[in-house]
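Chain by chain, the residues:
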Amino acid sequence: MAKKFLQRLGLKDKLLAIIVPLLVLAAWQGAVSQKLCSELILTPPLTLLNTLLELAQSGDLTLNILASLKRVMIGFLLGGTSGFVIGILMALSPFLNRIFGPLIKALQQVPEFAWMPLIIMFLGIDEFAKYFFVAIGAFYPMVLNTYQGVSGVPEKYHELARVFDYKSFRYLFKVIIPSALPSIITGIRLSLGLSWMFVVGAELFGSDSGVGYLMTWGRAVFQIDLVMAGLILVGVIGFAMNFLLERAEKQFLLWREPVDGRPA
Amino acid sequence: MKKLLISKKTKGILGAIAFPIVFIAFWQLFILAGFPSARFLPSPYKVLQKFVILFSDPTYSHNIAVSLQRVMIGFFIGTLAGFIFGLLMGLSKTAEKIFAPFFHAVRQVPMIGWIPLIIMLFGMNELPRVLIISVAAFYPITLNTFSGVRNVPREYLELASVYGYKGLTLIRKIIIPAALPSIATGISLGLAMSWSVLMVAEIFIQTAFGIGTQIQRGRDRFDIALVIAGIITVGVLGYSMTLLVQKIVKAVERGQVISADK
Amino acid sequence: MSNNKGTLEIRNLSKSFIVDNSPLQILNNINLTVTSGSFVSIVGSSGCGKTTLLRIILGLENHYDGEALMDGKQIVGPGTNRGIVFQDHRLLPWLTVGENVAFGLDKLNRKEKKLLVDEHLQLVGLIGFESVYPSQLSGGMAQRVAIARALANKPEMLLLDEPLGALDALTRMYMQKELERLWQLEKITMIMVTHDIEEAIYLSDKVVIMSSRPGIIKQIIDVSSSRPRDRASSEFMQIKAEILEEFHLGTEYTFAYAI
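Residue numbers (the working numbering), protein chains in the order written: chain A, 1 to 264; chain B, 1 to 262; chain C, 1 to 259.
By construction, these hints were calculated from the structure, which means they are not laboratory data.
Where is the CB? At the ideal position from N, CA and C, for every residue including glycine.
One should not assume that every hint holds.
[Claimed, not checked] Examples of chain A residues lying across from chain B (beta carbon under 8 Å, computed):
id, residue
1, V200
2, Y213
3, T216
4, G218
5, V221
6, V227
7, M228
8, G238
9, M241
Throw the hints in and build the complete structure from the sequences for me.
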């Protein structure tokens, strides 16, 4: 599959895709070494690489990444699970939909970061406040996509379940959730992406560990290479999480892929 | 028949306002019941009082004006840049090949991640705040303009070539109108992102005025009613802006349909 | 299995839906008797209520006037004594072929399930396709899986709602032969809704002709010719002409032939 793709891409494109970034990196390095631009303002790529390696050697890198990942996971599980459960309940019960629907819609109007000062006032700035903040970010996409997926289960599947006498949990796990799965997985992906953004935000706000902390600390000691290293880490980890989830999605939704392009 | 319609409408309105009323009533009851955990939580009445004070306080309207201005400038710059960039990548495969990998790599970094860097580069002033807001608008508008331009139906392009449309005329008469629904989606997304990032900008990059600043100030003074009033203000303003943009987008689309009919 | 099970008795059945706050009569005073092990087709133009009638027999439509008795008992909801094949195969896309066939066998253990799935895939000629997903099947194959799923429950009556309507003409004729084979093999009652008159004559002991607004039974025609039936035989043609006459298409049909 990948091989075919590269072939189709053609050699010229491959070269372009490699050469252009390399040229930019070289220009960047050159600009700094020719003193066109201060090293204090724009860290050259080689220094940046060095900084990352040093961080890795001292163990700070692993430590801070793990601290951030732990927060993401806990916050995501809290927010994602509650979003999942509430989304299903809302889709299955018109009564609960009438209760939660307007509330969620109203709360959604407020940008999540506006909650941060309030959360800190009530929960302080410790770990739990961070989990809570991440959970808020994880909650919305999960609840919306689960709701959409479950309320979009086609009537024909509901009928089939009635004909074959599927009820309660058997009905939920064998018909409703599988049918809503594509939408739920989209929710998981969006939810995890936002969780990652919020964990960095929470760490920037106040923290003594994590990738966000690495950046605030870099700023405090005016070491721009640390800030940029943190930035790169944030991007790479976010990308990696999304990539892994996309892979998992393909595995989970194998049934969706028609062999010869015929729609399912 | 007419009577039925009216009663249906009133029923809908009643249903829509029933929940907020119940919610606020519960909130007030929760406070009145005197739970220890409710010690810090102001009652809805107190928040209302805060709003009355705020409405007569010129700082409040100034905060709103500053925030709106900030978001508008950033959003405008981001929209313009995103539109041009998206159009360029959509029209030229070479431009896409050169810029797209960068664009997607940089996009991986959450907006919040840029904050420490742009503060270091530009300091705590208006430029980084507006910049980050425009970048927030830039991403979705670029993406949607690009995909809109790329997905102009082949039939339209064939038709255009039959009538000898070329260059700017082709872009103006065929490509942009055909891509407009997608661009409009990008603009609404971009505005939502801008508004969200405005909070980030105002909370993280300290400033004298703005709704985010008001929320921060409330936190510093431990004035929870002020914080909640700020949050409600942000929500209401954001929602009104979303509605306004939706209206404009619909009007533009309708206008497009009419002009296409002519 | 011809133990006189799978009979259907419909008496004075009427059904109306509420559309825009006023009732719309769909079925009007339907009377129909289906004997055990027979093949009955219901034909009629779209909107004549034939699918509604089938859904009442299946138990998906409640709230009707009159009686619908399956083996002497009023139908109040779906039951495992009736199987259904919808026009869209309605296989669950996230389940494999085998899992789809086993969909109604959830109460059995793994071994019993496997036995029944194998038996019925064999029956419809799809052995070896157990682990394939529905999106990988052709329309005819998917419909055969749907038939296997319905038969796996060992129903006494199989209901078919335009089961071959979505297939191309050749696959369709092949599947008609298949249906006949399965019906002879399983010896159960089959009731099929179709708008294809030839298909109805080819398969049925009895063709029920319905007309619309409101849906009534216009005529019931017995087909007693021996099987397999020859579509080109004069007997077949005669029955077809008779049915077309009921739809006021008879004269135009012969007229078209004269040209």
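Evaluation of the provided hints:
1. V200: 5 Å, holds
2. Y213: Because about 10 Å separates A:Y213 from the closest Cβ in chain B, which is outside the 8 Å limit, the hint is violated.
3. T216: 6 Å, holds
4. G218: 7 Å, holds
5. V221: Hint violated; A:V221 Cβ to chain B Cβ min 11 Å, cut 8 Å.
6. V227: Hint on A:V227: holds, closest Cβ of chain B at ~5 Å, below 8 Å.
7. M228: 7 Å, holds
8. G238: At about 5 Å, which falls below the 8 Å cut-off, the nearest Cβ of chain B leaves the hint on A:G238 intact, so it holds.
9. M241: Violated, because the Cβ-Cβ distance from A:M241 to chain B comes to roughly 10 Å (cut-off 8 Å).
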